[in-house]
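Participant: Using the hints, put the two standalone chains together into the complex.
Order-wise, the sequence lines are chains B and D.
The opening position of the first sequence corresponds to residue 1 in my numbering, with each subsequent residue numbered one higher.
The opening position of the second sequence corresponds to residue 376 in my numbering, with each subsequent residue numbered one higher.
By construction, these hints were calculated from the structure, which means they are not laboratory data.
Please note that a few of the clues may not be correct.
[As the list claims (entries may be wrong)] Computed spacing ranges between beta-carbons, pair by pair:
no., chain 1, residue 1, chain 2, residue 2, range
1, D, P654, B, P373, 53 to 63 Å
2, B, I374, D, G490, 25 to 35 Å
3, B, V33, D, P654, 50 to 60 Å
4, B, D330, D, M487, 36 to 46 Å
5, D, P499, B, V339, 49 to 59 Å
6, D, L500, B, A64, 45 to 55 Å
7, D, F632, B, G192, 28 to 38 Å
8, D, P499, B, Q217, 22 to 32 Å
9, B, G192, D, S655, 52 to 62 Å
10, B, Q153, D, P499, 35 to 45 Å
[Unchecked claim] To spell it out: a stretch of chain D is covered by chain B in this simulated footprint if at least three of its residues, at any positions, have a beta carbon under 8 Å from a beta carbon of chain B; those stretches are:
no., segment
11, 476 to 487
12, 496 to 510
[Stated by the list, open to error] Far from chain D, some chain B residues (derived; all Cβ distances over 12 Å):
no., residue
13, A56
14, E60
15, P132
16, D133
17, Q153
18, L164
19, G182
20, D276
21, G280
22, D290
23, R338
24, D353
25, I361
Only a predicted model underlies this, so the values are computations on that prediction, with no experimental measurement involved.
For glycine and all other residues, C-beta sits at the position ideal for the given N, C-alpha and C.
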Amino acid sequence: MTGPLIARRALLGTALAAPFIRPSFAQGSDPYVIGTLFPMSGPNGEYGKLFTDGAALAIEHARADGTLRRPMRIQAEDTQALPQQGVIGMNKLVNVDRAHYVLVGFTAVSKAVAPVGDRAKTVMVNGGAVGPDLAGLSPYFWNVIPLAHLETQAFLPFLIRRNLKRIALVYVDDPLGDAILGLLRTELPKVGGELAGTFSIPRTAQQFGPVAARVRQARPDAVYVASFGAQQAQIIKGLRDNGISQPLIGYSALSISSVTSIPEAEGVIFTSQKFDYTGGSEITRRFATDFKARHNADPGTYNANYYNATRLFALLARELERENAAVNGDSLRATLLRVREFDLVGGKGTFDDQGNMSAEIQVNEIRGGRVVPIA
Amino acid sequence: MLFLQLLLQGIQTGALYALTAAGFALIFGATRIFHFAHGISFTLAGYAFLFAWNAGWPWWAGSLAGVLAATLFGLAMERVVYRPIQRHEGSFFTVFVAAFGVAVVVQNLVGMLAGRGFASVDTPLSRATEVMPEIFLAPIFWIAIGVAVVLFVALSAFLTRTHAGVALRALAQNPDLLRAYGLSSNRLSMLAFALGSAMAAPAAVLTAMTTGLNEAIGHHVMLISMAATIVGGVGSLRGAALAGLMLGVAESVALQFVDTQWAEAVSFLVLFAFIIFRPSGFFGVVQTR
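Pulled out of the complex, with its shape left as it was, chain D reads as follows (with noise of 0.2 Å):
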């Protein structure tokens, strides 16, 4: 019964974490920008849900609050920091070093403005009952797999039936012949970034109902981007999603086996045997040389 129940909690921190993973391995994908600020994204949708639903919004505006939040955070990071930088020489140095000090800096204003402490919103959905003989699950698990499961539909839908997500997956091969065929890189990659960014939206909306927040949760975000998007292949959206999915689950079903302490370096143990075993992840591509 305790693989059961760890699976199943394993599976909830999982849809989050495959949405947050999704939308990094978005960015990067079509950009090949290390968006280090993407973990900030998911912070700001977080703070601007809370603060909408302690003003008494109701749960839809509070949830689109956290959407505009992020995504225009991502917007301007496109605009204002990865831009100007790709302009002159872009090298991967200096976008990571932008990005890392935007997202400290950001992450300061944030405690300063909202209070440096843990910040939840209180909800019946988060409370989980018990529904099988010690079997305990919150409203939230359907909710988290079912906002997962539609936005990962729609997001597929849009990649391949829109030119626009046909363009951007295009960007992500060959942005030169992009720019031949009349379309413009930049555009795309404004769109990539405010698509990216509104995918941790959801997560960050689902987690200030469970876990919490507090201003530095960003970077245990970021890390897990980072590992799902390096396990599920660079540059693959499914491959992020699946991977992210896998990490949440390895951190929860593990505790059968290991003690407490190690749940979350399974994640960096799964992370590290794919480098090591299968360097392109999941669904990337092999490169030969």
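Next up, chain B with everything else stripped away, as it sits in the complex (with noise of 0.2 Å):
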């Protein structure tokens, strides 16, 4: 065998190999795949730029402050807030693009990936849906968002105080109403209220003027508005137009600009969880003059919580770096309990044994379009 005819098979050979070899050498440069699993599109495609934008916000910042060694990336998937679309696109995100972290929104969706990522032992981190049986989903299922019983837990006696005792509920038909609905029908009476009229819609609905017709005849103090989405503006366009003069009331979903924005949800009442962009921690100042910079618009809730959870993977991963470890679901759990408490925007998150983060709660007022806490 000749010289040269050695050396082509040889680079043949390596040529073929590079592929295979290539992954071994280049892992400790390539990015950390941050997985997101948001509504891009349809009708609550509003959330999943709202989510994306603080995540993006905390990868800028990790990257400015040389948080770590490897940078990161994320990795979008569509879902349009349904669990179907979710599944696939969490299969995707583990099996295809290895992701390392994956951020999720929407009850349904969550608990529909939530089996997906247990199994791949991949941390999900939920900071948009509230439903109460969120919490304790699978060891990989953190949430950086207060759940609905406890936004409920704040509101009720809030409400009871505001003499709005009877309370109607209009809610969607899916997890997340249906969470709403159990707790007003456990938690109210204890307060001393109770549920004037109940009013399930589907996800779909879109005319609401006869469901006002119905809420009226129950002749409630309050409506108590539980969905998500551009329906939400929907609904209280809806009451509103068709002589619902009552108080509008509901969860932190509504802070969204397409509800704050209408002139018929002046007044709603909603709670969600405390911050403090002015006279909080350097962190949540940092957060707030940059968001306002790059978006010309002040941060809502839900771009804070999702530059939490981005932020929260970067100071974990940040240690298994230090301490030369693996970055994975294992070591990432392991180190969010042994570590419990971290800078994060809104001031110290501390997480439980199941991996939910406590947070103050705060009532809320849209007047004049913006969102003004009151409670």
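Facilitator: In structure tokens form, the structure reads like this:
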């Protein structure tokens, strides 16, 4: 065999083997893959942008601060807020993209993808869904948002103090709506209130005039809206246009601009977690300042939550990099349970054994298109 | 009183359904093209009106912009998508998939340009006041009914009393014979798309004022239009209009008897009932074999 022939064969062999050899050399500089399972299109697409904006800013800050040796990149999958789309996206993130960490939102999607992440031991972090049964869904499923039962616990005494005792509930027929229904059924009587009527609506419902007619008949003191996305604004407009003058109330999903910007939403009262963007910690002020500079708008709850979720990964991975340990679901979870307390937007974030972050709740009112804390 | 309130609201909703359904039925009846992207004509018309309104245009100019947007989209679909497909094989499935693909692309473009969220026109016309004890009506109730009646009378007159209208009906019956008489089926097909798409615009404008818009609203419109076309009798314009009205009323009045959850399902129960017991619909021709 001649020398040039051997050289050619060696070159060919090396070329063929290269794709298989590359990962072991390249792993050190490959980015951490942060998967996102958000609705990027459809009637809930507005949330996808809010969630992604928060996560993207956290990645930018981590890069600027040199928090990690390896960069982070977002791998987005569009769920359209539908469970089946979520499962397809989660399978791709876990099996194809080898995501290190997945950000999720929406109760139905979260519950659908949790078993997939659990099997793959991939950490999933929710910063948008509030269904109470999201707590303890999996050791790898964490929440950086207070769940609905915590919002309700803080909200109901406030309503009773305002003499809003008879509550009509307009709720979407999905796990989130069912969870709010269950909470109000059990918790309202405990504080001296009652459910004046419950009105379930499909996720695709567009016409709320007839629902308003039924709500009027229930003669409630206030109407609780438990839905999400564009439908919330449609419900509020539908109720107000059709003679419902009682206070409209709800939970943190009402903080999106398509709700706050409509005139019919004036006076809507809802709960969310507490953020003090002006007088808070340095991290909080930096987040608020940079977010405003980037998007020409004040940040909202969801921006902050997904910033926190992504920042949490950077903080955990930094600990693991210092120890030269692998970054995976088990090591991330072990580090979370060891450290427990992290500097996040809004102050110190403390996690319990199930991976749920505790946070203070505030009551807000929409005034002049802005969200104003009132209690 | 609840029944009367639900009936009145059903009539308002049904008037809007009738307009969009009649547009779809006109296109399908004349061309036999399953124009799945009809809902997008509705979406584009609504957003064109919304942009015009927010830009401070008068309502009539905004409405014209809506009609123009819907018509141009319908014409573009006929020329750029359906005609090339029909020139080759023109199977129902190919047409459906092409229309579905265009609908998804345009819906996402609308979302990117107009924002992914709820948008509505703020007008006192949509605010109901108590006209009788426990009966609330908004001025837009009368506008919706008035617009629907005027447009149906005008369309009926066009289809029965003008050469173009008669030719359009003939296109639905026998396109080969039409060509034998020297008429252009292509031009008539474009006319059907222009008229049918324009019919969606008034409903879109009124929807922007009442329930509001989001970029995905076209799917709902399409479902209702499809159901109304089947219930009314495929190819029958007055059947589709009547069925649209009936579906709107059924959806609303059903809340007197069933939980609010079932409102939308009622439309499709009506559809199933027709498919089983009267497959030819209200005014469709019974096919015997």
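Participant: Give a verdict on every hint.
Facilitator: Hint-by-hint comparison with the structure:
{"no.": "1", "hint": "P654(D) / P373(B): 53 to 63 Å", "result": "holds (59 Å)"}
{"no.": "2", "hint": "I374(B) / G490(D): 25 to 35 Å", "result": "holds (28 Å)"}
{"no.": "3", "hint": "V33(B) / P654(D): 50 to 60 Å", "result": "holds (53 Å)"}
{"no.": "4", "hint": "D330(B) / M487(D): 36 to 46 Å", "result": "holds (40 Å)"}
{"no.": "5", "hint": "P499(D) / V339(B): 49 to 59 Å", "result": "holds (56 Å)"}
{"no.": "6", "hint": "L500(D) / A64(B): 45 to 55 Å", "result": "holds (51 Å)"}
{"no.": "7", "hint": "F632(D) / G192(B): 28 to 38 Å", "result": "holds (33 Å)"}
{"no.": "8", "hint": "P499(D) / Q217(B): 22 to 32 Å", "result": "holds (25 Å)"}
{"no.": "9", "hint": "G192(B) / S655(D): 52 to 62 Å", "result": "holds (59 Å)"}
{"no.": "10", "hint": "Q153(B) / P499(D): 35 to 45 Å", "result": "holds (40 Å)"}
{"no.": "11", "hint": "476 to 487", "result": "holds (count 3)"}
{"no.": "12", "hint": "496 to 510", "result": "holds (count 7)"}
{"no.": "13", "hint": "A56", "result": "holds (16 Å)"}
{"no.": "14", "hint": "E60", "result": "holds (22 Å)"}
{"no.": "15", "hint": "P132", "result": "holds (22 Å)"}
{"no.": "16", "hint": "D133", "result": "holds (21 Å)"}
{"no.": "17", "hint": "Q153", "result": "holds (27 Å)"}
{"no.": "18", "hint": "L164", "result": "holds (22 Å)"}
{"no.": "19", "hint": "G182", "result": "holds (16 Å)"}
{"no.": "20", "hint": "D276", "result": "holds (27 Å)"}
{"no.": "21", "hint": "G280", "result": "holds (28 Å)"}
{"no.": "22", "hint": "D290", "result": "holds (22 Å)"}
{"no.": "23", "hint": "R338", "result": "holds (40 Å)"}
{"no.": "24", "hint": "D353", "result": "holds (37 Å)"}
{"no.": "25", "hint": "I361", "result": "holds (25 Å)"}
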